[in-house]
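Undergrad: Taken in sequence, the protein lines are chains R and S.
Residue 1 is where the first sequence starts when you use the working numbering, and the numbers rise one by one after that.
Residue 1001 is where the second sequence starts when you use the working numbering, and the numbers rise one by one after that.
Certain hints may be false.
No more than 25 Å apart at the CA atoms, straight line, and that leaves these computed lysine-lysine pairs for BS3-like [said to hold, decoys possible]: (1) S:Lys1252 / R:Lys41; (2) S:Lys1230 / R:Lys41; (3) R:Lys41 / S:Lys1140; (4) R:Lys41 / S:Lys1261; (5) S:Lys1182 / R:Lys41; (6) S:Lys1270 / R:Lys24; (7) S:Lys1179 / S:Lys1252; (8) S:Lys1261 / S:Lys1221; (9) R:Lys41 / R:Lys24; (10) S:Lys1135 / S:Lys1162; (11) R:Lys41 / S:Lys1227; (12) S:Lys1204 / S:Lys1230.
A few chain S residues that face chain R, going by a derived Cβ cut-off under 8 Å, partial list only [as the list claims (entries may be wrong)]: (13) Ser1038; (14) Val1039; (15) Arg1047; (16) Leu1049; (17) Ala1074.
Cβ pair distances, simulated, as ranges [said to hold, decoys possible]: (18) S:Asn1034 / R:Glu22: 36 to 42 Å; (19) R:Arg15 / S:Leu1030: 35 to 41 Å; (20) R:Thr40 / S:Asn1051: 40 to 46 Å.
None of these hints come from the bench; they were simulated from the model.
Every residue, glycine too, gets a C-beta built ideally from N, C-alpha and C.
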Amino acid sequence: MANKKQLKKAIEQSREEIENLERKLGRSQVAIIEAIISHTKPDDTDVDYFRTYAALIDVERENLQKLTAELKALN
Amino acid sequence: MSNSFLILASVFVGWQIALIVIVSVLLAGLITLNVYFSVIWRVKAERRLHNEELQSRRSALLAKIEYLKGGGEALSYQWVDPVDETYDEGSEDEDDESFMPSAAPVAADQPLNTVVLEVDSLSSRMRNKIGMRAKRFNGKRFYVRYSLGFEAKLRYSEDDAKTYYTQISDEIRSYEKIKLEKGFARQRILFGNELLGTILFLGKRLCVALALDPAKYANGKYHGEDKSDKKRFAKTPMLIRVLSENKVEVFKYLFERLADKFGIEKGKTKVRKYDLKEKSKEDMVCCGAMRVVIVDEVPVGAMVRTQQVDTKARRSVNNDQSVLETAEEAAATVNSDEQSD
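Please model the entire structure based on the sequences and the hints provided.
TA: Have a look at this one:
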C-alpha cells in the first residue's frame, strides 16, 4: 500500500464491505433469535451462515485496523 | 476539412483513402474496447486486503459461503435450549461415541476432530458432490469432518448388528400399513402420521426407541430403558439397545404390544435381502449416507496430516491412512499449483 490516496480508498472500501457484511449477517441473526424465542433448534444452515459472516466481518475489521494504523504512520 | 480532403486526394488515390479511413475507424474501435474492458476489470477486480494472511482467511470464508449457497451441508450444532430445565449435560455421554476419526491434530490451529482433505486428490464425482467442482478450489486443502448417517453407520457396523437390523426390519414390515421411513440420522416407524418408533445408532450401538410407556413394562420380563426425561425421546421413550438375539425378541414382543394398541394386524414375516456391504467413503458421500462438513481452509504452508479419500471399502473410518507433509513440501505443492494456474 504505497500512498495515502490508495490507503484512504482501501479504508473506505473496507468500511463499505463491513456494512455490507453486517446487512447479510442480520438475515441469519433474525432467524436464530426467532428460534431462541420459540425454544426451537435453529437451522444449522442459518447458524453456519451467521458464524461465517461474523468471521468475515472480523477479518475485515482487522484489515481496517491495519490500514488505519498504516495511514496514521504515514501522516 | 475540405482543404485536408483535397490534400489527401492529391496525395493518395481513391482506394488508399478508403483504406486509411477503414483502418482509422478500426483502430479507434479497438482503443475504445480496450479502455472499456480495463475499466470493467478495475471495477470488478477482487479487493486486496492488507496482507496475504487476511486475504487467505477471507478466501476460505468466501469459499465456505459459496459452498453453503451451492447447497452444501452445514455443520451440525448441538442445541442447548437456555431455558430448558430438563437438560442434563452428563446424560449426553452415551451419544458422544462416534465414528469420527480420532487422529490427533499435528498443526496447533487445526480444529478438533477434523482431518485434512486435499481437493486435488478427489475424483470429479466427489468434487461435484461436495460443491468443489470449480477450478478455484484446485490445490486447496480443507479441514473437514465426516458426518455419518444411519446408513453409513449400519454399513460400517459389525455383522451382528447388521443381522439384528435385518430381523427388526423384517418384523416391522410384516405388519400391515406400517412404513419404515429412511432419514439421514435415523429410520422412523410410521403408521400413517403416527410415529411408532425410531431405529437409530447411539454411538456404535443399534437401538430402537418405541412409543410405549416404560413404566408399564418396568417390572415385566420384557422391558426397555426409560428415556422419557430426554427431549429427543419425548415421543418414543422406551429404548431397547439391540445387542443380542434376546434383545431382538424383546423388541418383537414390545412391538406386538404397540401394534395391538393401534389395532394393527400382523401379516406373514417375509425374509428380505438387504445390501449392507461396506462401501468406500466416496460412494457413501455420493449416495448421501455420509456428509463432508467443511470446517476451515488449511493455511498455506501449514504442517498437516492429509487424508487419502480412497475408493476401497474399509472396516473402520478411524484406521484411515494419512500422509505427513513438511511445511516446505506443502508450500512447494501449493506454489507449483498456483504457478500452473
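Undergrad: Among all the numbered hints in the text so far, which are the ones the structure does not match?
TA: 1, 3, 4, 6, 10, 13, 14
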